[in-house]
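Enquirer: Dock chain B against chain A, hints included.
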Amino acid sequence: MSTVQTGALPESFDPTDLEPPSKPRKAKKSASGDAASALNSRWASFVAVLIAVLWTTPTLGLLVTSFRSQRDINKSGWWTAFSDPGGFTLENYRQALAPGSSASLSQYFVNTIVITVPAVMLPLFLASLAAYAFAWMPFPGRNALFVAVFALQIVPLQIALIPLLDIYSNKLGFGASYWSVWLSHTIFALPLATFLIHNFMRELPAELMEAARVDGAGHVTIFFKILLPLLTPALAAFGIFQFLWVWNDLLVSLVFLGGSPDVAPITVRVAELSGSRGSAWYLLSAGAFISMIVPVAVFLALQRFFVRGLLAGGLKG
Amino acid sequence: MAASLLSIAPSGIPEPLLRAQSTTGKFLLMFFAVAVFAIVFGLVLLLASRFKGRNGEKAQGALFAAPAVLLLAVGLMYPAILTVIQSLRGKKGDGSFSLSNYAAMFTQPELLIVLRNTALWVILVPFLATGIGLLYAILIDRARGEAFAKALIFLPMAISMVGASIIWKFVYQYKQTERPQIGLLNQILKWFGLETQNFLLDAPLNTLMLIVVMVWIQAGFAMTILSAAIKAIPDDIIEAAHLDGVYGVKMFRFITLPSIRAALVVVLTTIGIGTLKVFDIVRTMTAGQFKTSVVANEFYNQSFRYDAAGLGAALAVLLFVLVIPIVAYNIVQMRKEA
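As you go down the protein sequences, you meet chains A and B in turn. Sequential numbering from 0 applies to the first sequence in numbering that gives the first Met the number 0. Sequential numbering from 0 applies to the second sequence in numbering that gives the first Met the number 0.
Keep in mind that the hints were calculated from the coordinates and are not lab data. Possibly wrong hints are sitting among the right ones.
Said to hold, decoys possible - Here are the simulated PhoX-like pairs of lysine-lysine, each with C-alpha atoms no more than 20 Å apart in a straight line:
hint: 1; chain 1: B; residue 1: K249; chain 2: B; residue 2: K230
hint: 2; chain 1: B; residue 1: K189; chain 2: B; residue 2: K174
hint: 3; chain 1: B; residue 1: K174; chain 2: A; residue 2: K74
hint: 4; chain 1: B; residue 1: K149; chain 2: B; residue 2: K249
hint: 5; chain 1: A; residue 1: K74; chain 2: B; residue 2: K189
hint: 6; chain 1: B; residue 1: K276; chain 2: B; residue 2: K290
This structure is a prediction, so every number in the text was calculated from the model and none was measured.
Isolated chain A, as found in the complex (with noise of 0.2 Å):
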């Protein structure tokens, strides 16, 4: 902190850096450009580099683990297995996925599936037509509802587990059922999802709807073809979150579903073989990294949206 160079650049500032594209870099200050310099530009580097080190290799250690023979993760760390690339395999991979065999993960992976596209779409759908109801028609009680709705987003959803799974088992009997989740998934959502699309829509000018009004569009018809299509930004961003949301649970199918292969989800059963199979590393390894697939290729893909549905969602659960 002695060395300070007021106002100068951090060393690793780069004029030629395009991103982001739509502001003229060259006048532009930062703030905290000038907080970094003030930290010392090379010690700034190094702890931007030593946190993203530490960050990542526990990540690294188990995906290398997870391309390692079950001999070779027990006898060595995965940090001496650069000395011999030849011994990566495929097998822990093959172990986990072959169908059939009691180490398989392949069936929860389908159940995962299975539990989370339903789960998803349901709640957009009711969200976005009681958001609809909330923001552009008048009813008695509206208001009362809507607080009511907005005030349940506090509500950690484990108040509810007890008395819900007695409704579904004794009452509903759907028992150990996709119903269960898919059910409990969309009413844990909706006082989130109701929120944030009623804020979106109350963004959208009321002439727009009351021009289809004159024309003598009726409230489905204004629904359909004229709110769901702007919506596509909000409901992307809520559907991406919730996505996540379902396909990461664990306590939900833990409570509704148990551990059963024919509809527990893959984060049940990794959770599982981590208690009961705890130094079977080269399942566990590859249990992880299948379990993970899908949410880190979503978020490399959506980028965008992904941390636009994390800041919407930050109050859920």
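Expert: Relative to the frame of chain A, chain B by itself:
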């Protein structure tokens, strides 16, 4: 309790509509469900379009909101009320009304440890994750390859907490000092000539080791939001400060920090609420053994493993009660900003 409930299915619903063994069957079930939901959805709309005139308008609005409102009433409000009642009816949740579960939470030594651990989590995780996220956001701001640098830290947000727990369990893996190590952290200890440690066994160190995992996950969230807030500071404010000779640490203290205050509050409270409900990490890494349990994990154990539904319900209510001050703080701070 869970096992007994899951095994009963006293309904007229035919088995093929509930469960499927084959992959094809499962996907058929999925399409069937989507179709059922679509039909219900269509019926509501059809019904709505039948209403005409002034009162019809109101009926349509009520109908549009009805499915979501009904689901929330039956699936969230009603169960929450049942849980509150159950928490007042003794350890198993079926006795006479008393406050015994709440008394137990604050007197039983094991449950006091749970509360202490939860307090540790809720204090440490938000501040550590936010601190690291802010530091990193500042360090890489406008640096070469910023998007890539951000993605590295942000990626843990995308994976499940179960996956994150397994990644870190492997880092903490223990072998005796003389044997070759497979866990990176113990290998590092060994390189420094120290004895290897069983990180997940020894309290209170093990709780801190679990907290590291949550910080690892949440730092990316903090970094993303704070980075956006930093970039949103108007240029003229920065230039005016420069004209006044404000640079470096002073710049951070008097310009950057006040400008991103609102974002900081959002990040801290959001991570705080998420941490309060942390379950997956504790469950996957230690299952709450070795004095590492937290409220959300203890709720699960008491309800589903120790047959103490009443105590479990009380813990769920406690979670709800603990969320309220965090949300209230958030709202008060936001009001101040506005």
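Enquirer: Work down the list of hints and note, for each, if the structure agrees.
Expert: Now the hints, each set against the structure:
no., hint, in the structure
1, K249(B) - K230(B), "holds, 18 Å"
2, K189(B) - K174(B), "holds, 11 Å"
3, K174(B) - K74(A), "holds, 11 Å"
4, K149(B) - K249(B), "violated, 26 Å"
5, K74(A) - K189(B), "holds, 16 Å"
6, K276(B) - K290(B), "holds, 17 Å"
The structure shown violates just one earlier hint, number 4.
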